[in-house]
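Asks: So the chains spell out like this:
There are 2 protein chains.
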Amino acid sequence: MKFSVTVILKKDVLDPQGKVVQNTLKDLGFLNLKNIRQGKFFEIELNENDEQKAKNAVKQMCEKLLANLIIEDFKISKTK
Amino acid sequence: MKFSVTVILKKDVLDPQGKVVQNTLKDLGFLNLKNIRQGKFFEIELNENDEQKAKNAVKQMCEKLLANLIIEDFKISKTK
Chain B
1 MKFSVTVILK KDVLDPQGKV VQNTLKDLGF LNLKNIRQGK FFEIELNEND EQKAKNAVKQ
61 MCEKLLANLI IEDFKISKTK
Chain X
1 MKFSVTVILK KDVLDPQGKV VQNTLKDLGF LNLKNIRQGK FFEIELNEND EQKAKNAVKQ
61 MCEKLLANLI IEDFKISKTK
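These protein sequence lines are chains B and X, in that order.
Numbering of the first sequence is given in the numbering used here, commencing with residue 1 and proceeding in unit increments.
Numbering of the second sequence is given in the numbering used here, commencing with residue 1 and proceeding in unit increments.
Chain B extracted, bound-state conformation (with noise of 0.2 angstroms):
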């Protein structure tokens, strides 16, 4: 069974890294540009049938690990 995960800094949480590739975005014409934050993403492949037992160890896994659940939040979603 598979998962995406994506983890996001919160709102509030400053992210210079995507103010830098935001700047550079600007530079090279790209004048439309609203905004950009970023994150990071994992694909996860369980040997679990049980979907959701198989949710469960992916939510633990980003709690435990994969996420800093005190600036970052995190959005798991299967994928077929």
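You may find that some hints are simply not true.
One copy or any two copies: either way a pair holds, since identical chains are not told apart in the list.
[Unchecked claim] Calculated lysine-lysine pairs in the DSS-like style (CA-CA distance at most 30 angstroms, straight line):
id, residue 1, residue 2
1, K19, K53
2, K64, K53
3, K34, K55
4, K11, K34
5, K53, K26
Calculated from the structure, these hints are not laboratory results.
Dock chain X against the given chain B, drawing on the hints supplied.
Replies: The following block gives chain X in isolation, referenced to the frame of chain B:
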């Protein structure tokens, strides 16, 4: 108009960062983990009402800056 972009290493490219995460998760007790790959995630907001133009701009951003096409693939999706 808002887009999500994921950038991930091509299938045949080694992902040492992902391997470290995978080993750490196994050490934490997630024994049903089969595979994990790590990539980048971008949330891009554009001042552009024409969806086709906006999508093209995001594609160009990926090609010019966000992804290294030799070793990475990218995927663009529109968020509401």
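Asks: Decide, hint by hint, whether the structure agrees.
Replies: Verification of the hints:
For a Cα distance limit of 30 angstroms, the shortest separation of K19 from K53 across copies, 23 angstroms, qualifies, whereas the shortest one inside one copy, 38 angstroms, does not. Only within a single protomer do K64 and K53 lie at most 30 angstroms apart by alpha-carbon distance; the minimum there is 16 angstroms, versus 40 angstroms between protomers. In the homo-oligomer, the alpha carbons of K34 and K55 lie at most 30 angstroms apart only across protomers (14 angstroms), although the nearest pairing inside one protomer, at 34 angstroms, exceeds that limit. Taking CA atoms no more than 30 angstroms apart as the test, K11 paired with K34 passes inside one copy only; the shortest distance there is 15 angstroms, against 32 angstroms between copies.
For a Cα distance limit of 30 angstroms, the shortest separation of K53 from K26 across copies, 17 angstroms, qualifies, whereas the shortest one inside one copy, 44 angstroms, does not.
Hint check: no violations occur; every hint is consistent with the structure.
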